[in-house]
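Work the whole structure out from these sequences, hints included.
If you want the building blocks of each chain, they are given just below.
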Amino acid sequence: MTAPLEVQGSALEAQPEAVAIAEGHRIEGRSLGQIAWMRLKRDKVALGGGVIVVCLVIVAVLAPVITALDGQSPYAFHTALLSRDTLVPFGHFGGISGTHLLGVEPTSGRDIFARIVYGARVSLIVALGSTLLAVVIGVFFGGIAGFFGGIADTFIARTMDLLLSIPQLLFAIALLVIIQAAPGSFIGLSGSTLHIVVLIFVIGGFSGPYIGRIIRGQVLSLREKEFVEAARSMGARSPHILLRQLLPNLWAPILVYSTLLIPTNILSEAALSYLGVGVQPPTASWGQMLSDATSIYQVDPAYMLVPGLAIFITVMAFNLFGDGLRDALDPRTIR
Amino acid sequence: MIRHLSKMKLLAVAAALPLAVTACGGGSSPNTPPPKLTGYNAATTGIVNASNKPGGTLNLISSGDCDSWDPARTYYAFCWDMQRLFERTLMAYAAAPGAAGTQVVPDLASAPGTANADATVWTYHLRSGIKFQTGAVITSQDIKYAIERIFATTVISGGPTYVICLLTTCNASGASPYLGPYGAGHPSLSSIVTPDANTIVFHLVKPYSDWNYIMALPGSAPVPAALDTGAKYALKPVASGPYEFVSYSPGKSASWIRNPYWVRSTDPIRKALPDAISLLIDSNPADVDSHLLAGTADVDIGGTGVQSAAQAKIVTTPALKANADDPTDNFVRYFTIDPTVPPLNNKACRLAIMYALNKSDLQLARGGDYAGKITGSMLAPNIAGFDSTFDPYPNGAGNTGDLAMAKQELTACGHPHGFSTHMAYINEGKSVKVFNAAQQALARVGITLLPGAGQASSYYSTWVGTPASIVQHNLGMTQYGWGADFPTGVGWWYSIVDGQAIAVSGGNSNIPSLNDPIVNNDINALEKTTDPATRASLDHQIDVEVMNQADFAPFLDEADLTYRNPRVTDIYIQGSFGIYDFVSLGVVS
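Heads up: the sequence lines are chains F and H, in that order.
Letter by letter, the first sequence follows residues 76 to 410 in the working numbering.
Letter by letter, the second sequence follows residues 1398 to 1986 in the working numbering.
Check each hint, because a few of them may be wrong.
[Unchecked claim] To give an idea of the interface, some chain F residues facing chain H are shown, with a C-beta separation under 8 Å as derived from the structure:
hint, residue
1, SER148
2, TYR150
3, ARG159
4, PHE222
[Claimed, not checked] Think about it this way: if two alpha-carbon atoms lie no more than 20 Å apart in a straight line, the pair counts; the simulated SDA-like pairs of lysine to any residue are:
hint, chain 1, residue 1, chain 2, residue 2
5, H, LYS1649, H, LYS1603
6, H, LYS1710, F, ASP236
7, H, LYS1710, F, LEU239
8, H, LYS1827, F, TYR372
9, H, LYS1827, F, LEU350
10, H, LYS1804, H, SER1817
11, H, LYS1710, F, PHE168
12, H, LYS1744, F, VAL120
13, H, LYS1744, H, ASN1681
14, H, LYS1710, H, ASN1438
15, H, LYS1827, F, PHE168
16, H, LYS1827, F, LEU115
17, H, LYS1710, F, LEU350
18, H, LYS1603, H, GLN1897
19, H, LYS1629, H, SER1554
20, H, LYS1770, F, SER158
21, H, LYS1827, F, ALA151
22, H, LYS1827, F, SER370
23, H, LYS1710, F, SER370
24, H, LYS1718, F, ASP367
25, H, LYS1603, H, CYS1567
26, H, LYS1710, F, PRO376
27, H, LYS1827, F, PRO357
28, H, LYS1827, F, SER158
29, H, LYS1633, H, SER1554
30, H, LYS1827, H, SER1460
31, H, LYS1718, F, SER158
[Said to hold, decoys possible] Calculated from the model, a selection of chain H residues having no Cβ within reach of chain F, i.e. all distances over 10 Å:
hint, residue
32, ALA1572
33, SER1585
34, ILE1678
35, HIS1688
36, THR1693
37, PRO1791
38, ALA1801
39, MET1802
40, VAL1829
Source of the hints: derived by calculation from the structure; they are not laboratory data.
Even for Gly, the Cβ is constructed at its ideal location relative to N, Cα and C.
Laid out in structure tokens, this is it:
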């Protein structure tokens, strides 16, 4: 039993938030979560990123409501707004007007604002879904590899190395081309739903090892700690140790690295859609809009700027928030 | 013939254009320079920058290599045009603008082939003084050998194979008993007779009135047997034309210089003005357009037109537009609606689709007003018997669709709230845009169109190229384009609607497997008759019958916006290819 902590002098400066000093109350320690939250609140840039992320999620969830309010559908053609000679919209900035807030697409005349909003849906569903899958795969296999060691570790670690060295994009393209040629439905899913599920599995499967290696490293160091030995000496079996002792201590790296994985997966989905193997028409996707825009950007630059900016802002927001989260949870400055 | 990498079968050029042929330079006094014809679309009607001055180097550019430079193995329109530079054939298309360019005239032959009474025996006499680039005299035996090697399809693959089942009796699966000259003892084809070095006689197994057109295909270019390297011949074919190969790097570049043994007085077709020709193969089409507009390349040989960015620049800049042409390439763009895929076995369901399509949006998807003219006929504008007013299923006001009729047909076929099916298309470029437009148009009446995307490399050979694949993948509709291999009724209709043309194992062009006895009989009649009036009437009759089946939904008679460098002289659109006639071009040096 140690004596109550006397925090003063330089130690207090080093970890000011480690201790809650309220007037006339006892000094008490803060948990990791509380410390991290305080640090995060002070990081304005990360908070900004977080706010943007929350806004994006709201926009994606409420996409049908937003487009209904706006009065535009992401699928309807408005070809009267296009020049039949050059195929680009009349007016400036790609046809921005009161009815079409971000203009219309060349060749089809579809409303860009509505398509961006629906595209946010696709990007976020695929990115969040694939990250979740990556976390599940990574934690499961990384945990087993790190904890049990031996043959399991060798096998799992080498598999993860193998997956990391396969060129992800090329393999994904090949796989998705095969899926496209397959008959209409598979395990009861079809159409865009099937494509989104396949994208989630492909992207998530390839990013699993990224999380897996990190978790494996964490578990390797954690299993040597005293509390694990203590639990084992009290008769705890391996599943219990994994689930009840190790996993609760892993939430910080899981949170940080999954938040940092999301923008990578957003870019992967955009890249696959750009190459034509992402979601299928008429589903809107930022990557596919960008792909269409590259052939016509000299005469309609707005059509490239809008989805490009959307991807940029989303990725930037997640990155900033993830960085802030990592700084806040950094174990080097927290006991 | 294939138009370009991802398109099929060749086209012959706009014969329906009014041919105000101006400034051909003929008939004026020798001291008067030919009047300078210039301006937008001038090359479709006459010769632009006529000068007849020899010299200089012509710099050609392309965004893709030819499928093969072997005259027997190429099936791209622009490659057939390029072959005129270095190969001569028995017959060839006239070097004249407008409709005159769709006529076949004697090239190596001294006169058009003469046929017997029922068009089964064709005789040609060769000119004198014709030589290969080696100096050897070209004989009828060289032409016989060239046609014999087409039969060796395992070595000489690709390219049109009409001669095979016309010179020999093919079995039920289209295989010939004669397998080419490469076997032991160099077997010879007995149905080609060469009584002397200057005469060649073809004995066909059935009447075929279009044999002169078959002899205008590149495959009748003579090949010296001693210099035939089989599959490698494509790397350096022996020239019979005004130019010969200097170098060829597959996928990168090619160049030609004058063939010293080509005798101008024996060749009424080829002007051969430049001293040298170079071809740069630049895989990026947008880059090709930049070269053209900057003046560092003379002509894009591909003939499929500029990309959308260059199009926008050209049509909005009068100085650039004066150097552009929008020739019809005599392709028809259409959808097939397949009765082997339910519920499209019911004709009313097929008609519902045809009425619900929005042809105006489809035209926009293909490139707008410069991409061609909306059509309701399955016959190309350059084929005799074409009727521009024939539109059995009118597409409503402004060609945006007739939704009332579509809904009526839906009720008649038992699906008043619509149904769903897949459309096959190539997963890049304009094809995706056409799919989007069709999907949106059909959704207006409740028909759900699902994507059946295929890859460019296998789309025509297997994805839509076998009837089994269509059924297996539920491809109720396919995107297709067709241009005739030669500009006659048979050249247009046979491969796409004749029951005998259904190729079960791959590369099928009769997508809906149409096997209508009326259509088959009419095509047989076409093969037998040489009378122009009968041919025109039969062509139109087949159009009526085919459209009556409602298996085809044509929407566009295609055109391509092309650009010519102002330094090029004597330039005009060759009627049968829809592309500039390369062998007539000169340059200002």
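Do the hints match the structure? See the list:
Taken as an interface hint, SER148 of chain F does not check out: its beta carbon lies about 10 Å from the nearest beta carbon of chain H, beyond 8 Å. Interface hint at TYR150 of chain F: satisfied, since its Cβ lies 6 Å from the closest Cβ of chain H, which is below the 8 Å cut-off. The beta carbon of ARG159 of chain F comes within 5 Å of a beta carbon in chain H, closer than 8 Å, and the hint placing it at the interface holds. A distance limit of 8 Å between C-beta atoms decides the matter here; for PHE222 of chain F the minimum to chain H is near 45 Å, and the interface restraint is violated.
Distance check on the hinted pair: LYS1649 of chain H and LYS1603 of chain H sit about 43 Å apart at the alpha-carbon level, beyond 20 Å; violated. Taking the CA atoms of LYS1710 of chain H and ASP236 of chain F, the gap is about 50 Å. The hint is violated against a cut of 20 Å. For the given pair, LYS1710 of chain H sits about 45 Å from LEU239 of chain F by alpha-carbon distance, which is inconsistent with the 20 Å threshold. Taken as a hint, the LYS1827 of chain H and TYR372 of chain F pair is honoured in the structure, with Cα atoms around 16 Å apart against an allowance of 20 Å.
Of the pairs offered as hints, the one joining LYS1827 of chain H and LEU350 of chain F holds, with about 15 Å between alpha carbons and a cut-off of 20 Å not exceeded. For the hint pairing LYS1804 of chain H with SER1817 of chain H, the CA-to-CA distance comes to about 15 Å; that is within 20 Å, so the pair holds. For the hint pairing LYS1710 of chain H with PHE168 of chain F, the CA-to-CA distance comes to about 17 Å; that is within 20 Å, so the pair holds. Between LYS1744 of chain H and VAL120 of chain F the CA atoms are separated by roughly 64 Å; this puts the pair beyond 20 Å, and the hint is violated.
Distance restraint check for LYS1744 of chain H and ASN1681 of chain H: the Cα-Cα separation of roughly 43 Å exceeds the 20 Å cut-off, and the hinted pair is therefore not satisfied. Restraint check for LYS1710 of chain H and ASN1438 of chain H: satisfied, since their Cα atoms lie roughly 16 Å apart, inside the 20 Å limit. For the hint pairing LYS1827 of chain H with PHE168 of chain F, the CA-to-CA distance comes to about 23 Å; that exceeds 20 Å, so the pair is violated. With a C-alpha separation of about 49 Å, the suggested pairing of LYS1827 of chain H with LEU115 of chain F is violated against the 20 Å cut-off.
Simply put, LYS1710 of chain H and LEU350 of chain F have alpha-carbon atoms about 26 Å apart, too far for the 20 Å limit, and the pair is violated. Our distance criterion of 20 Å between C-alpha atoms is met by LYS1603 of chain H and GLN1897 of chain H, whose separation comes to about 14 Å. Straight-line distance between C-alpha atoms of LYS1629 of chain H and SER1554 of chain H comes to about 12 Å, which keeps the hinted pair within the 20 Å bound. Between LYS1770 of chain H and SER158 of chain F, the direct Cα distance comes to roughly 16 Å. Compliance with the 20 Å bound is thereby established for this hinted pair.
Using a Cα cut-off of 20 Å, the hinted pair LYS1827 of chain H and ALA151 of chain F holds, with the two alpha carbons roughly 19 Å apart. At roughly 11 Å between alpha-carbon atoms, LYS1827 of chain H and SER370 of chain F fall within 20 Å of each other, so this suggested pair holds. Distance hint between LYS1710 of chain H and SER370 of chain F is fulfilled; the C-alpha atoms sit about 13 Å from each other, no more than 20 Å. Among the hinted pairs, LYS1718 of chain H with ASP367 of chain F is inconsistent with the structure: their alpha-carbon atoms are about 25 Å apart, more than 20 Å.
A hinted pair counts as satisfied when its Cα atoms are at most 20 Å apart, and LYS1603 of chain H with CYS1567 of chain H qualifies at roughly 12 Å. Simply put, LYS1710 of chain H and PRO376 of chain F have alpha-carbon atoms about 14 Å apart, close enough for the 20 Å limit, and the pair holds. With a CA separation close to 15 Å, the supplied pair LYS1827 of chain H and PRO357 of chain F stays within the 20 Å bound. Annotation: proposed proximity of LYS1827 of chain H to SER158 of chain F holds, straight-line Cα distance about 17 Å (limit 20 Å).
As the CA atoms of LYS1633 of chain H and SER1554 of chain H are separated by approximately 17 Å, the hinted pair is consistent with the 20 Å bound. Between LYS1827 of chain H and SER1460 of chain H the CA atoms are separated by roughly 17 Å; this keeps the pair inside 20 Å, and the hint holds. For the hint pairing LYS1718 of chain H with SER158 of chain F, the CA-to-CA distance comes to about 17 Å; that is within 20 Å, so the pair holds. Separation of ALA1572 of chain H from chain F is adequate, the least Cβ-Cβ distance of about 30 Å exceeding the 10 Å criterion.
SER1585 of chain H, annotated as away from the interface, keeps every beta carbon of chain F farther than 10 Å; the closest lies near 45 Å. Every CB of chain F is more than 10 Å from the CB of ILE1678 of chain H (nearest about 20 Å), matching its label as outside the interface. The Cβ of HIS1688 of chain H lies farther than 10 Å from every Cβ of chain F, with a closest approach of about 15 Å, so its non-interface assignment holds. For THR1693 of chain H, the condition that its CB be more than 10 Å from all CB atoms of chain F holds, with the nearest at approximately 18 Å.
Every C-beta of chain F lies more than 10 Å from that of PRO1791 of chain H, the closest at about 19 Å, which supports listing it as non-interface. Non-interface call for ALA1801 of chain H relative to chain F: holds, since the shortest CB-CB distance, roughly 20 Å, exceeds 10 Å. The non-interface label for MET1802 of chain H is consistent with chain F: the shortest C-beta to C-beta separation is roughly 20 Å, beyond 10 Å. Taking the minimum C-beta to C-beta distance to chain F, about 7 Å, the non-interface status of VAL1829 of chain H is violated against the 10 Å cut.
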